[in-house]
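> One-letter residues, chain by chain:
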Amino acid sequence: MLFFIARRLAQSVLVMLTVALIAFTLFQYVGDPINNMVDQDTTLAERERLRQELGLNDPPPVQFWHFVQRVSHGDFGVSYRLKKPVAGLIAERFPATMELSLISAILALGIGIPMGVYTALHRDRLPARLFMTLSLVGISLPTFLIGIFLILLFGVQLRWLPTFGRGEVVHIGWWSTGLLTKSGLQSLLMPAFTLAVFQMTLIVRLVRAEMLEVLRTDYIKFARARGLKTRAIHFGHALKNTLVPVITIIGLQVGSIIAFAIITESVFQWPGMGLLFIQAISEVDIPVMAAYLLLIALVFVIINLIVDILYFVIDPRLRVNK
Amino acid sequence: MTEAQDTPALLDIRGLKVEFPSRRGVLVAARDVDLSLQAGEILGVVGESGAGKSTIAYAIMGLIEPPGRMAAGEIRLKGERIDGLPREKMRKIRGKRIGMIFQDPLTSLDPLQTVEAQLVETMRTHLPISESEARARAVELLGQVGIPNPAERVKNYPHQFSGGMRQRVVIALAISCEPEVLLADEPTTALDVSIQAQILDLLRKLVRDKGMGMIIITHDMGVIAEVTDRVAVMYRSRMVETGPSEKILTHPDHPYSRSLIAAVPPADHRIERFPLVEYIEKAGDEQAKLDLSTHWLGQARDFGSHEETLLKVEDLTMRFMTRPSLIPSRRRYMTAVDHVSFAIRNGEVFGLVGESGSGKSTVARLICGIHKPLSGRIHFAGEELTAFTSRRAANHLRRQMQMIFQDPYSSLNPRMKVRDIVAEPIRFHKLASSNAQVRRIVSDLLDHVGLGASAALRYPHEFSGGQRQRISIARALATRPRFLICDEPTSALDVSIQAQILNLLKDLQEELGLTMLFISHDLPVIRQMCDRVGVMQHGKLLEVAETESLFTSPRTDYTRHLLKLMPRMKRAA
Amino acid sequence: MSAADKQDAPQSALARFFDSDLWWSFTHSPVVMLAALVTVVIIFSAVFAPWVAPYNPFDLAQLDLMDSLKPPAWLEGGDPRYLLGTDDQGRDIFSTILYGARISLLVGFLSVIVAMLIGVTVGLIAGYAGGLTDTILMRIADIQLTFPAILIALLVDGVMRGLLPGSHENLAIFVLVLAIALSSWVQYARTVRSSTLVERTREYVQAAQVIGLPAPLILVRHILPNVLGPVLVIATIQLALAIIIEATLSFLGVGVPPTSPSLGTLIRIGNDYLFSGEWWITVFPGLGLIILVLAVNLLGDWLRDALNPKLR
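Residue numbers (this note's numbering), protein chains in the order written: chain A, 1 to 322; chain B, 1 to 573; chain C, 1 to 312.
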């Protein structure tokens, strides 16, 4: 067990270093960092002094090492566009993105998994066919269009729900939450649903496919031949075996929810990290891009670690040696 | 077997018909099946693949997969009709009154639950017993099926058991509620010979002790001879003959049963040719003898026969990585071939025999260059194959050795026409001067292996297993080889087709003066085909002997053990 | 037992296709046939947009600002010349949709082809070579797979913008294709690798080795044709995904420039008029996008089920 987790941790560190290298390369080769920090009339000598101070003349591996050290202390530099420390900008927007993603993930998993199981077990029944058709429509709907159509219907035509922003937020320490006010919850409704739809339909289809695969296995046939109750076969044997591969995929899906938040935030002008990132991309604001990338990678790595541990708990083939 | 007519048979099937509708019409998997089983009796259902044997078992269990359905007939358990029962009633019969064992023990158990959990769940579904009683009985059952240390093993997960042990667990599950009838669908096919015998022993003992009735479904005449009291022979979804095993094995009435039994290679003596089974598939007409001095296959046979030894293998060793890793110290290896040395004389058929995993197929793949040896040398026609550094340099030697593979369904590229399959080696080695000549040679070869030249334009999936194996042989002959490696060439085939292919190989070997390495796990086949035999176990070559002396006076314990397990059928004199 | 006994002459390739389960399942599913029809019509009218579309929306001479912001023809104030209405510059929405679909499909197809070329090559090599090559290639693929395609496309797009300042307008489509392809090659690589691993152990490959064929020839002649089935399915599904990603990037303002708008760009432009009541500028391109993607997805779904008999 310990060895297993240690190995996964080592892999996670490797992934983080790879992403850090990409971020570092961005800094190094995309645009000139000095140009982005000084104005037109800075002399060449001054520029050179700045280069020296910032360590830009050191060999790249040394610079990379310094970069990793700075980043691990939360120092991501200063935004080219907003001229503010990136760490602060991210911290301000982090809670908004996390709340949105969390609610969406709960929606997507809470509805997606049962629907997937249902469509697999009763695949010839009418509701199952209906769900499958709906899920196909679901994966064909670009997230931003769902958002736009929702805004058009509930915001512009019916005027029931606010169409942008987070509404009123309450500050608890450095965390700002919209979950405690009415306008905050109202504002959350459409973005969370928009973000959940695509992932939900993917999860329905994945769970269904995996479960159908399991239902065809010999051990399910043998369970039937032993006269076990249908409920026991479906939920005791088939579902549990379905969950083993599904957990990995679901981990990935939860990760993508955070990334897809970029689109939703953009549609609903949701003041989260995604909106910050998309603005950074159009302006080539490298420090913000790099910081966002590293943070997202960290979230993904943590999710993957949790998934691996869950895997380990569920599957005896990993846990128990021969 | 004279039973009073007033007590109904344990299991009685009358006029069973099972259909699978598909878009190309209704496929009838079984028709007009009549069977009856008495308590304490073992009934064998034998037939070749696709004959509809398993369908009977699924029909009895009420588990025919839709859209398949039972179209006619009735099934009675102790006189009470059980086909067409409501789903819930039928479920209570499954596992409680009729148990079933599947073919592949590796996939029959839920990998996420302990053996105990699966046993307890099954018993508590059908029997009014408490959790702790069920647990105690689970241990008892594992003991009964011969699992050592049952109290401890019951807590294990399926992946912690070997294949044979897992089949014992499956049997324990099937008999856990003391069913009256046990259905075993090819229960030993996925297992090694020595484990096969143990499982059959166990099944026979359980049936006798508990007074169950058992139907055992198999394609293997050896299994039938070993355990059954009565046999039903299936052919193309019909039951052609039923009777006591003794009688059917020695004096079958139906021509199909007769040809089926005739096709089983005898274990106790060598025959010249196998009797052909005209009943099933056109065996191809007898080939006219080739005149090698004029025929294409005879051209460029410049290799002569001056060498006494054609192939010499010295100290051959090969290992597989069983756990790959970036870090060398964490890699794990399995030694598949362990310092093997032997020599094959020009013109002889050399056999390699052993159980699965003994390394015999790996030896074949090392010789023809599919795998690279870790150490050791291979000499062919006086040159050292292992000394060549590039593939290209050894091509002129490689051309002289070809291989025929085990699985006729995977040994032909499904996307290529038969003509292109057979022509590929001719074109690659530039053995013909024009396309027209290639085409002529291909039709000639196809004709010669008994397929007819019209086969050239078809795709492999249009052919049956035996026909595909003929295509494989044609492809192997297309390089005009002098050395042919046959890796279990018939073990995926039904016994009657096996006889045809073995005859063909024998003819070709004589006609073309081929030298052969013939690999098989099947001792009777080895006895019919080989001049000398090597016995392999765990990657080591234990002994090499003339075939007859190996069978009559084996030198090692392992060979004696293998010979003892060899199924022997009593035959009509 | 074999089919060979039933028919005398071998069938031609065309006859075999019409006799295949694939064709059968196609002709027995009205939804799939409709999807195929819709896809063909959209592709046709997009490719031949200059001839099919009533106006050329990018020909300034044809534009008249007097015609701007007209609602669809059937609504009050609508103009029968403009079926789906006009945008702020007086461009005919129906025509811009056709021209937009052209860009969307172009980017979609190109990125699928590029991704397929990269992915299939990597997958074949990794699966056939095995060992260290395989481990390294698949580790990279695994790491990339952890990150959603849209994020990678955004990142590549951002980096390219930084590397190619100024000239971006002209290279926008090229950048976009590359960004989408680099974000989706992994799907092909993984599938092809796992099929190659299976095919490699098949005996027909060993037979080719025994004949003496060199590895590249075995890969191209024997293994490639046998792993293409799943690739076709992925390509169809990925085409839908590529169109969505392109639309999303364009909507976010980092895709194709407004001078040659794709469907996503049109939606982005229309989005500004959403609150002032000119909904048609957004809604019709949006519907067009959904219909196109849905039709392609339906085809992909059918193809997957039809080529994988286990699922039936």
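Hints in this document: simulated from the structure, not taken from any laboratory. For every residue, glycine included, the Cβ atom is placed at its ideal position computed from N, Cα and C. You may find that some hints are simply not true.
[Unchecked claim] One side of the interface only, derived from the structure: several residues of chain C facing chain B at Cβ under 10 Å: (1) Ala207; (2) Leu213; (3) Leu274; (4) Glu278.
[Stated by the list, open to error] Listing some non-contacts, in silico: residues in chain A with all C-beta distances to chain B over 12 Å: (5) Ser12; (6) Leu56; (7) Val62; (8) Trp65; (9) Ala128; (10) Leu150; (11) Arg159; (12) Val214; (13) Leu228; (14) Ile233; (15) His237; (16) Ala238; (17) Val244; (18) Leu294; (19) Ile314.
> Look at each hint and say if it fits the structure.
These are the hints, each one checked on the structure:
1. The interface hint given for Ala207(C) is met, as the beta carbon of that residue sits about 6 Å from the closest beta carbon of chain B, less than 10 Å.
2. Interface hint at Leu213(C): satisfied, since its Cβ lies 6 Å from the closest Cβ of chain B, which is below the 10 Å cut-off.
3. Checking Leu274(C) against chain B by beta carbon gives a least distance of about 50 Å; that is not within 10 Å, so the hint is violated.
4. At its closest, the beta carbon of Glu278(C) sits 52 Å from a beta carbon of chain B; the interface hint therefore is violated under the 10 Å criterion.
5. Against the 12 Å criterion, Ser12(A) stays outside the reach of chain B, whose nearest CB is about 16 Å from its own CB.
6. The non-interface label for Leu56(A) is consistent with chain B: the shortest C-beta to C-beta separation is roughly 34 Å, beyond 12 Å.
7. Non-interface call for Val62(A) relative to chain B: holds, since the shortest CB-CB distance, roughly 27 Å, exceeds 12 Å.
8. For Trp65(A), the requirement that its beta carbon stay farther than 12 Å from each beta carbon of chain B is met, with the minimum near 23 Å.
9. Here Ala128(A) stays apart from chain B, with its beta-carbon at least about 16 Å from theirs, past the 12 Å limit.
10. Non-interface status of Leu150(A) relative to chain B is upheld: no Cβ of that chain comes within 12 Å, the nearest being about 41 Å off.
11. With a cut of 12 Å on Cβ distances, Arg159(A) stays outside the contact zone with chain B, its closest approach being about 52 Å.
12. Not every CB of chain B lies more than 12 Å from the CB of Val214(A), the least distance being 10 Å, so the non-interface label is violated.
13. Residue placement check: Leu228(A) does not keep its beta carbon more than 12 Å from all beta carbons of chain B (closest about 5 Å).
14. With a least beta-carbon separation of about 10 Å from chain B, Ile233(A) fails to lie farther than 12 Å from that chain, contradicting its non-interface assignment.
15. A beta-carbon of chain B is positioned within 12 Å of the beta-carbon of His237(A); the least distance is around 5 Å.
16. With 12 Å as the threshold on Cβ separation, the claim that Ala238(A) sits away from chain B is violated: the shortest Cβ distance comes to roughly 9 Å.
17. Non-interface call for Val244(A) relative to chain B: violated, since the shortest CB-CB distance, roughly 7 Å, does not exceed 12 Å.
18. With a closest Cβ-Cβ approach of about 25 Å to chain B, Leu294(A) is found to remain outside the 12 Å limit, as its non-interface label requires.
19. Annotated as non-interface, Ile314(A) brings its C-beta within 12 Å of a C-beta of chain B; the closest such distance is 7 Å.
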